[in-house]
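Enquirer: Each chain, letter by letter, is given below.
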Amino acid sequence: MKRTPLYDEHVRLHARMVEYAGYEMPLQYTSIKEEHHAVRNRAGVFDVSHMGEIHIQGSEATDLLDHIFTNRVRAMTAQEIQYGFLTNEKGGVVDDLLVYKVNDEFYLLVVNAANKDKDFAWIKEKNNFDATVIDKTDSYAEIALQGPKAEEILQTYTETDLSAIRFFTFAEFEIADKSFLVSRTGYTGEDGFEIYGENDDVKMLFSRLLAENEKLLPAGLGCRDTLRFEAGLPLYGHEIDADITPLEAGYGFAVDLRKERFLGQDVLIRQKEAGLQRKVVGLELLDKGILREGYDVYHEDERIGRTLSGYLSPTLEKPLATAIVPMKNAKKGTIVTVKVRKRMLQARVRNKMFYRRKKS
Amino acid sequence: MKTPKDLRYTKTHEWVRVEDGHAYIGITDYAQDQLGEIVFIELPEESDDLEKGEEFAAIESVKAASDVMAPVSGVVTAVNEALEDSPELLNEDPYENWIVKVELEDESELEGLMSAEEYENMSKE
Chain A
-17 MKRTPLYDEH VRLHARMVEY AGYEMPLQYT SIKEEHHAVR NRAGVFDVSH MGEIHIQGSE
43 ATDLLDHIFT NRVRAMTAQE IQYGFLTNEK GGVVDDLLVY KVNDEFYLLV VNAANKDKDF
103 AWIKEKNNFD ATVIDKTDSY AEIALQGPKA EEILQTYTET DLSAIRFFTF AEFEIADKSF
163 LVSRTGYTGE DGFEIYGEND DVKMLFSRLL AENEKLLPAG LGCRDTLRFE AGLPLYGHEI
223 DADITPLEAG YGFAVDLRKE RFLGQDVLIR QKEAGLQRKV VGLELLDKGI LREGYDVYHE
283 DERIGRTLSG YLSPTLEKPL ATAIVPMKNA KKGTIVTVKV RKRMLQARVR NKMFYRRKKS
Chain B
9 MKTPKDLRYT KTHEWVRVED GHAYIGITDY AQDQLGEIVF IELPEESDDL EKGEEFAAIE
69 SVKAASDVMA PVSGVVTAVN EALEDSPELL NEDPYENWIV KVELEDESEL EGLMSAEEYE
129 NMSKE
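Top line first, the protein sequences correspond to chains A and B.
Here the first sequence is numbered in my numbering, starting from -17 and rising by one per residue.
Here the second sequence is numbered in my numbering, starting from 9 and rising by one per residue.
If you are wondering where the hints come from, they were derived from the structure by calculation, not from laboratory data.
Don't take each hint at face value.
Below, a list of computed lysine-lysine pairs in the DSS-like style, where the Cα atoms sit at most 30 Å apart [as the list claims (entries may be wrong)]:
1. A:K321 x B:K60
2. A:K(-16) x B:K132
3. A:K324 x B:K60
4. B:K132 x A:K15
5. B:K132 x A:K321
6. A:K324 x A:K254
7. A:K324 x B:K109
8. B:K60 x A:K15
9. A:K241 x A:K106
Computed footprint of chain B on chain A, listed as stretches where at least three residues anywhere in the stretch have a Cβ under 8 Å from a Cβ of chain B [stated by the list, open to error]:
10. 5 to 17
11. 268 to 275
12. 288 to 298
Keep in mind the model is a prediction, meaning the values are calculated, not measured.
Here a beta-carbon is modelled for each residue, glycine too, at the ideal position from N, C-alpha and C.
Working from the sequences, and respecting the hints, build out all of it.
Expert: Here is the structure:
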């Protein structure tokens, strides 16, 4: 099993370690709930060094990306980031990812750890352009500093004005006298930064941030999932996968159907023109219990779909889930039944973006 | 990790305490620690039949749902209803807070269960 450069820090902090995507990662340090609330109310710092990093470089780097990626790569300016998908020929999702534009001939792709090898092979296979595709995963360490206090905390370590880094942009500058690439992005529904750098530098920053900021907690993969779930952010293999298209999942904003052709685009255009047949929705359980992934969903005794993720939401304190159901049952307020082990429980359809932070 | 000497244990981390032909069943300290914060428990009902090795309750932590397996067979004569409103009691004191009490169907089933020492050795591995 692989270890990230922060492994020793996790052990020192008495994290409970679990296997995730071939890495030994911290599930939690104290408790999932406590870390979850720390990120929502103050700040938390995550080791996300397991994420995959892929460089695309060359005179036709933009053309290659435009061909495989659903969003409007050609509209990007340097230092901008876009969220979007690699789609297969059927319009299903190979992976969701962030694209960082360094310049017209250099892009950084940040992909899911579990999909990295598949993505790398996929992109290389589709590369009929003057571009080079390089797996740089082992050259990057990465931490995510997330929460309403993230900017205030990080600002004390750098001369660079962090308020100038807008949402979904990045810059390279010094923090605590070392060089980092810093983006205003995250996977929690809160403000915050994702910080990339050399292994030793990221390790130094992680331990200094924790040692010098009493209100900052180390946060593990456990709360990373509850936070993203509440904020309506998808996890590959749950709300999106090879069989659920980005349109069905409700992320059409990251799919440009009008641009010059990308893989799977024709299928997605037809899907949109014909009208979606099914959709990912949120469910709120009305009976006592908790929803998890993989439960069958019924409407008037007919099985109509299944749940994709589910938790007792730490912020809303309600049992919530995402589920894929036919369009005709996807209307907010629709009452459905979910089979939880042997029991049939009532749930109500609602927007899957369960939590939205108040803009300051 | 606490493992009281007077209880019997299963590989699936339940404990059994026998009193006058009845068995109290709960989950071990190791189990509650591995599960993390317990937020909900789905309990059986009085007079339900438990069958050794089959699940009879479900414990939900923040992270996931886990089945609780019956260490012995028998009819449920009492359910610890305090757990319905306060499932965290299982984290606080897993040995004081039993889940169900059953009337033993076959006392010889107890012989297949582990001693505290055997259970501790297994959990260490």
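Enquirer: Each hint needs a verdict: does it hold in this structure or not?
Expert: We went through each hint and held it up to the structure:
| no. | hint | result |
| --- | --- | --- |
| 1 | A:K321 x B:K60 | holds (24 Å) |
| 2 | A:K(-16) x B:K132 | holds (24 Å) |
| 3 | A:K324 x B:K60 | holds (18 Å) |
| 4 | B:K132 x A:K15 | holds (27 Å) |
| 5 | B:K132 x A:K321 | violated (36 Å) |
| 6 | A:K324 x A:K254 | violated (37 Å) |
| 7 | A:K324 x B:K109 | holds (22 Å) |
| 8 | B:K60 x A:K15 | violated (34 Å) |
| 9 | A:K241 x A:K106 | holds (22 Å) |
| 10 | 5 to 17 | holds (count 5) |
| 11 | 268 to 275 | holds (count 4) |
| 12 | 288 to 298 | holds (count 3) |
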